[in-house]
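There are 4 protein chains.
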Amino acid sequence: MDYIEAISQSYDLVLKLEDRGKIANYIPELAKVGPDKFGVHITTVDQLKFGLGNYQEKFSIQSIAKVLSLCLAYKMQGEKIWSRLGVEPSGTGFNSLVQLETDNGIPRNPFINAGAMVIIDILLSNLGDPKMELLKFIRSLTNQQNIDYSRTISNSEKSYGYRNVALCNFIKSFGNLENEPEEVLNFYFDLCSLEASCEQLSELFLFLANNGKTKHDNTQILSLSKSKRMNALMQTCGFYDESGEFAFKVGLAGKSGVGGGIIAIHPNQYAIAVWSPKLNEKGNSFKGMRFLEEFTTLSQQSIF
Amino acid sequence: MDYIEAISQSYDLVLKLEDRGKIANYIPELAKVGPDKFGVHITTVDQLKFGLGNYQEKFSIQSIAKVLSLCLAYKMQGEKIWSRLGVEPSGTGFNSLVQLETDNGIPRNPFINAGAMVIIDILLSNLGDPKMELLKFIRSLTNQQNIDYSRTISNSEKSYGYRNVALCNFIKSFGNLENEPEEVLNFYFDLCSLEASCEQLSELFLFLANNGKTKHDNTQILSLSKSKRMNALMQTCGFYDESGEFAFKVGLAGKSGVGGGIIAIHPNQYAIAVWSPKLNEKGNSFKGMRFLEEFTTLSQQSIF
Amino acid sequence: MDYIEAISQSYDLVLKLEDRGKIANYIPELAKVGPDKFGVHITTVDQLKFGLGNYQEKFSIQSIAKVLSLCLAYKMQGEKIWSRLGVEPSGTGFNSLVQLETDNGIPRNPFINAGAMVIIDILLSNLGDPKMELLKFIRSLTNQQNIDYSRTISNSEKSYGYRNVALCNFIKSFGNLENEPEEVLNFYFDLCSLEASCEQLSELFLFLANNGKTKHDNTQILSLSKSKRMNALMQTCGFYDESGEFAFKVGLAGKSGVGGGIIAIHPNQYAIAVWSPKLNEKGNSFKGMRFLEEFTTLSQQSIF
Amino acid sequence: MDYIEAISQSYDLVLKLEDRGKIANYIPELAKVGPDKFGVHITTVDQLKFGLGNYQEKFSIQSIAKVLSLCLAYKMQGEKIWSRLGVEPSGTGFNSLVQLETDNGIPRNPFINAGAMVIIDILLSNLGDPKMELLKFIRSLTNQQNIDYSRTISNSEKSYGYRNVALCNFIKSFGNLENEPEEVLNFYFDLCSLEASCEQLSELFLFLANNGKTKHDNTQILSLSKSKRMNALMQTCGFYDESGEFAFKVGLAGKSGVGGGIIAIHPNQYAIAVWSPKLNEKGNSFKGMRFLEEFTTLSQQSIF
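Protein chains in written order, with my numbering: chain C, 112 to 415; chain E, 112 to 415; chain G, 112 to 415; chain H, 112 to 415.
Worth flagging that the hints you see were computed from the coordinates, not collected in a lab.
One or more of the hints may lead you astray.
No copy labels: a pair is met if it fits in one copy or bridges any two.
[Unchecked claim] In silico lysine-lysine, DSBU-like type, Cα no more than 30 Å apart, as pairs:
| hint | residue 1 | residue 2 |
| --- | --- | --- |
| 1 | Lys269 | Lys242 |
| 2 | Lys337 | Lys393 |
| 3 | Lys127 | Lys337 |
| 4 | Lys242 | Lys191 |
| 5 | Lys326 | Lys133 |
| 6 | Lys269 | Lys160 |
| 7 | Lys133 | Lys148 |
| 8 | Lys324 | Lys337 |
| 9 | Lys169 | Lys242 |
| 10 | Lys326 | Lys337 |
| 11 | Lys324 | Lys127 |
| 12 | Lys389 | Lys191 |
| 13 | Lys127 | Lys191 |
| 14 | Lys148 | Lys337 |
| 15 | Lys324 | Lys191 |
| 16 | Lys191 | Lys133 |
| 17 | Lys337 | Lys389 |
| 18 | Lys337 | Lys143 |
| 19 | Lys148 | Lys169 |
This structure is a prediction, so every number in the text was calculated from the model and none was measured.
Please model the complete structure; the sequences and the hints are all you need to start from.
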């Protein structure tokens with residue numbers, strides 16, 4: 112079945128499903144989003160673009176942004192970043208402090224909160240105007256100038272993010288941050304506040320389906336090897352303690368965010384973004400997961 | 112670079128490397144193997160067959176056999192087996208009891224020892240002559256009649272396997288085994304004693320690169336969906352707490368054993384087996400891991 | 112208030128209380144005991160003896176026996192036993208395997224199951240007829256010849272004790288047992304099957320309230336220093352993860368068993384035993400705990 | 112042997128011992144203290160007062176102060192404080208975050224850092240000028256007006272206390288703090304900065320050896336029951352994961368601080384304070400522990 116047909120059928124099927132997820136409520140601002148939003152957009156390396164539902168509406172991409180900050184740090188610093196964090200699935204939730212205590216402050220991977228903070232720390236130490244330069248990097252991936260941080264969201268997180276404050280100070284206590292926790296947290300909350308639509312997301316991430324090169328201006332963002340490794344990381348660690356389930360049922364590299372967004376990549380084929388705000392108990396979009404499962408089943412394509 | 116050239120160059124390069132691994136010594140019989148053995152064999156869906164070094168010598172495949180017992184249980188019982196074990200990477204070592212205590216006796220995945228025991232329990236409950244029927248199933252994958260259990264190895268494991276006895280009784284105490292621990296352990300130790308050469312291994316596992324269908328007699332062993340899921344499982348969970356590293360550096364679905372063997376699968380392309388007995392600190396073949404990393408780099412092919 | 116009055120008032124009060132505990136059901140034989148049994152007996156160093164309720168009925172003393180096996184091993188081997196186990200409260204349940212994994216097979220203290228097994232192992236290695244010699248030692252504490260093991264109970268435990276089999280093999284896998292797990296378990300289950308009445312218990316343990324010396328025949332069982340240390344151990348570790356609560360509310364050295372018995376010691380004053388089979392959620396006798404709390408409040412005596 | 116003789120002999124013996132401890136260096140100011148300081152002072156309920164060495168020199172009492180803040184909160188709020196923290200030994204180090212994650216933000220006891228923060232939170236919510244009123248309470252225990260906070264020490268802790276910032280925000284994230292982490296930490300660091308000499312400490316804590324009543328002005332600070340419970344808590348939880356060892360070898364209720372001080376209480380007899388800055392690997396004064404062990408052995412007195 113071709114992509115458009117597979118998306119259309121999957122969309123219709125999942126739209127009717129009872130949504131057993133719950134909207135994220137630990138950040139007051141996130142809880143204000145319409146719970147029934149549902150959008151999807153695919154962009155292929157052959158330049159097919161197709162979307163359904165609320166695919167042009169911007170939402171808080173939250174942890175999906177951790178892939179982008181990692182790309183920039185990885186591009187700048189190369190493999191030496193891995194001396195400060197690992198590439199292993201954590202087997203625990205996204206904000207667990209237990210493993211950090213066992214592992215002496217070395218986060219298991221760059222997609223759990225602790226790992227993302229270490230990446231932020233690397234950007235802070237190596238960029239003159241980190242927040243602006245990261246935004247510039249992100250915008251350059253697709254020439255979408257209107258992608259931006261949301262001050263409302265980041266302020267909301269700053270007021271309630273006690274656990275992230277705990278995590279960040281905990282890493283610092285092990286000596287694995289160069290900058291002060293306050294600065295790291297400040298940038299971290301901004302990073303998580305980035306907003307984009309499904310359409311924009313699928314275009315932003317297309318370079319990872321295209322061996323590290325953008326389609327709109329043919330820039331090699333990451334080398335072939337680094338691009339493959341980014342996909343490997345997303346596949347093994349992109350969904351917290353549901354990463355195995357995602358590989359098992361969907362079979363793509365991907366990353367989710369508590370705003371209900373998911374980006375998924377089929378190397379050499381496409382990037383696809385889906386958004387539905389209600390989350391399953393593991394913190395991943397309930398309908399988003401189901402949609403992608405249907406889609407890869409119907410399109411009979413997965414990386415396995 | 113074509114497969115033969117990539118294998119040849121990788122083989123030569125890794126052959127010269129200092130082997131920083133250590134031979135497994137917890138089972139006396141395994142410690143008797145020549146530490147410098149090094150063999151590799153590829154079998155492609157196009158029927159290319161090529162090997163180097165000790166690729167025709169049989170060795171103890173150990174945990175690699177857990178993929179085969181899982182295939183049989185999955186084929187027979189379908190998705191309902193997942194009510195008794197998970198599909199998530201564990202984030203801990205292969206024989207950890209900690210997670211079992213937290214998870215009330217539900218193993219995280221079928222490739223850690225605890226999970227393999229639950230699969231064994233399923234086979235025991237559903238087969239008349241489990242040990243013989245499993246062997247028949249394995250032999251049917253490639254018509255290799257001389258693949259067999261090793262009584263010497265299994266007896267050696269039975270005498271020293273206190274930790275596995277602990278694991279098995281622990282699962283039983285949570286009610287997640289139907290059969291008595293003694294029976295489960297008996298079959299488990301036999302399973303791990305299976306012997307095959309690299310050549311045989313790459314042929315045995317070819318059906319997983321071929322959408323679940325054997326090449327030698329065109330039998331659909333597993334459905335397309337189940338075959339993809341087996342590959343996903345191997346990729347996220349096949350190397351214990353080094354699974355992320357394997358995905359990151361090698362980028363194939365695979366499974367290792369403490370005998371020093373590794374099987375790796377590139378869906379739609381090939382199955383490749385490598386054997387070198389000395390293990391790194393995570394319990395995976397030191398040279399085997401390095402070889403596959405070189406090979407996928409040179410052949411510029413990975414699933415990502 | 113004097114002891115007799117304090118016991119009488121506490122007994123009456125607790126007798127009327129609703130028993131919110133549950134009878135231990137993991138060993139079928141234990142579940143057969145009358146749930147409303149309630150007995151108490153005090154023996155003082157001044158030779159006051161006083162009991163109420165079912166104080167002459169024998170019951171399964173279970174883990175209380177671990178104090179007696181420890182006394183014998185400690186008497187025989189002295190402080191060197193502490194190279195194989197600790198003297199710290201565990202902070203976890205009585206049969207946790209987690210800490211053993213972290214602590215490389217060294218049990219935190221001699222009263223959790225793992226620690227008791229190490230003590231059993233010491234007795235097995237140092238006695239000719241361990242089971243009989245332990246019984247002789249116990250009987251000598253008070254000349255009670257009819258204290259004995261219960262074959263019914265020990266057989267019942269042997270059939271269902273998967274978790275203890277797991278624990279024992281786990282310790283063995285770390286090299287902290289000299290004998291085979293099967294032998295250790297066999298003796299362990301016999302130890303836990305010992306039966307005594309409240310009257311007998313308070314007499315058996317009187318030597319620990321009397322600086323290590325028996326009253327009936329003035330034998331120095333343990334030195335003053337060792338006797339004090341036994342009491343300290345009971346106080347910090349005698350009630351699993353409720354040891355702090357017991358020290359806080361009762362303020363005596365003591366040890367409980369899942370048969371619903373508790374022995375408590377006030378150094379230089381008395382030994383008191385109480386029995387009521389229904390257990391609170393931590394595995395200690397619900398009414399037994401309440402009785403002792405009332406008793407030390409009314410008698411205005413505790414070691415603090 | 113009488114107390115003066117036992118102290119003198121123990122002091123001489125331990126003075127000559129090689130000090131295998133290390134001075135606390137995580138707070139720069141603490142590292143400036145003379146490593147060979149060694150002082151001891153006893154105050155008995157019979158009003159014997161006797162000291163040796165640097166017993167009149169003030170030092171940073173650190174965690175010993177947690178007993179005093181707990182006394183005030185317990186006096187004011189009674190048993191209801193235990194709904195927010197436990198009375199169990201933790202089995203882990205003083206600043207572990209692992210247990211908090213397992214226990215949903217309920218600290219195991221009031222003497223680990225997390226528990227002390229909850230107590231601070233209670234004082235903040237119930238006192239008008241918490242810092243001054245706590246000081247007033249402490250001074251009233253003995254009429255020592257020159258006991259005070261040290262701004263130098265508290266500032267030093269505030270600059271390096273990332274782990275405590277982590278702990279405090281972690282508790283807050285579970286909802287177990289009413290006040291903002293910044294306020295709690297501020298007071299917490301002040302509390303730990305309190306300075307007193309051995310002489311002052313033994314007088315401050317004498318009321319706990321005297322059933323809750325001060326000797327200098329006969330004030331009932333805590334009821335008999337509460338006073339006993341404070342002693343029980345110190346005994347089971349006062350030395351982090353060396354509490355069992357302290358009960359086993361010393362046999363008194365006590366509390367240590369990373370400044371190298373220890374206060375120990377023999378109910379109905381005495382309070383004794385010892386100070387020597389170098390710490391063993393568990394964070395307790397190396398010579399202080401040894402001194403108390405000798406002292407209770409020579410005086411042949413312990414609560415057991």
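Hints versus structure:
no., hint, result
1, Lys269 - Lys242, "both (16 Å within a copy, 28 Å between copies)"
2, Lys337 - Lys393, "both (28 Å within a copy, 24 Å between copies)"
3, Lys127 - Lys337, "between (39 Å within a copy, 27 Å between copies)"
4, Lys242 - Lys191, "within (22 Å within a copy, 48 Å between copies)"
5, Lys326 - Lys133, "neither (36 Å within a copy, 47 Å between copies)"
6, Lys269 - Lys160, "neither (36 Å within a copy, 54 Å between copies)"
7, Lys133 - Lys148, "within (13 Å within a copy, 49 Å between copies)"
8, Lys324 - Lys337, "within (11 Å within a copy, 33 Å between copies)"
9, Lys169 - Lys242, "within (20 Å within a copy, 49 Å between copies)"
10, Lys326 - Lys337, "within (17 Å within a copy, 34 Å between copies)"
11, Lys324 - Lys127, "neither (37 Å within a copy, 35 Å between copies)"
12, Lys389 - Lys191, "between (37 Å within a copy, 27 Å between copies)"
13, Lys127 - Lys191, "between (47 Å within a copy, 25 Å between copies)"
14, Lys148 - Lys337, "neither (34 Å within a copy, 32 Å between copies)"
15, Lys324 - Lys191, "within (22 Å within a copy, 42 Å between copies)"
16, Lys191 - Lys133, "between (39 Å within a copy, 26 Å between copies)"
17, Lys337 - Lys389, "between (33 Å within a copy, 29 Å between copies)"
18, Lys337 - Lys143, "neither (38 Å within a copy, 40 Å between copies)"
19, Lys148 - Lys169, "within (11 Å within a copy, 57 Å between copies)"
Hints 5, 6, 11, 14, 18 from the earlier list are contradicted by this structure; the remaining hints agree with it.
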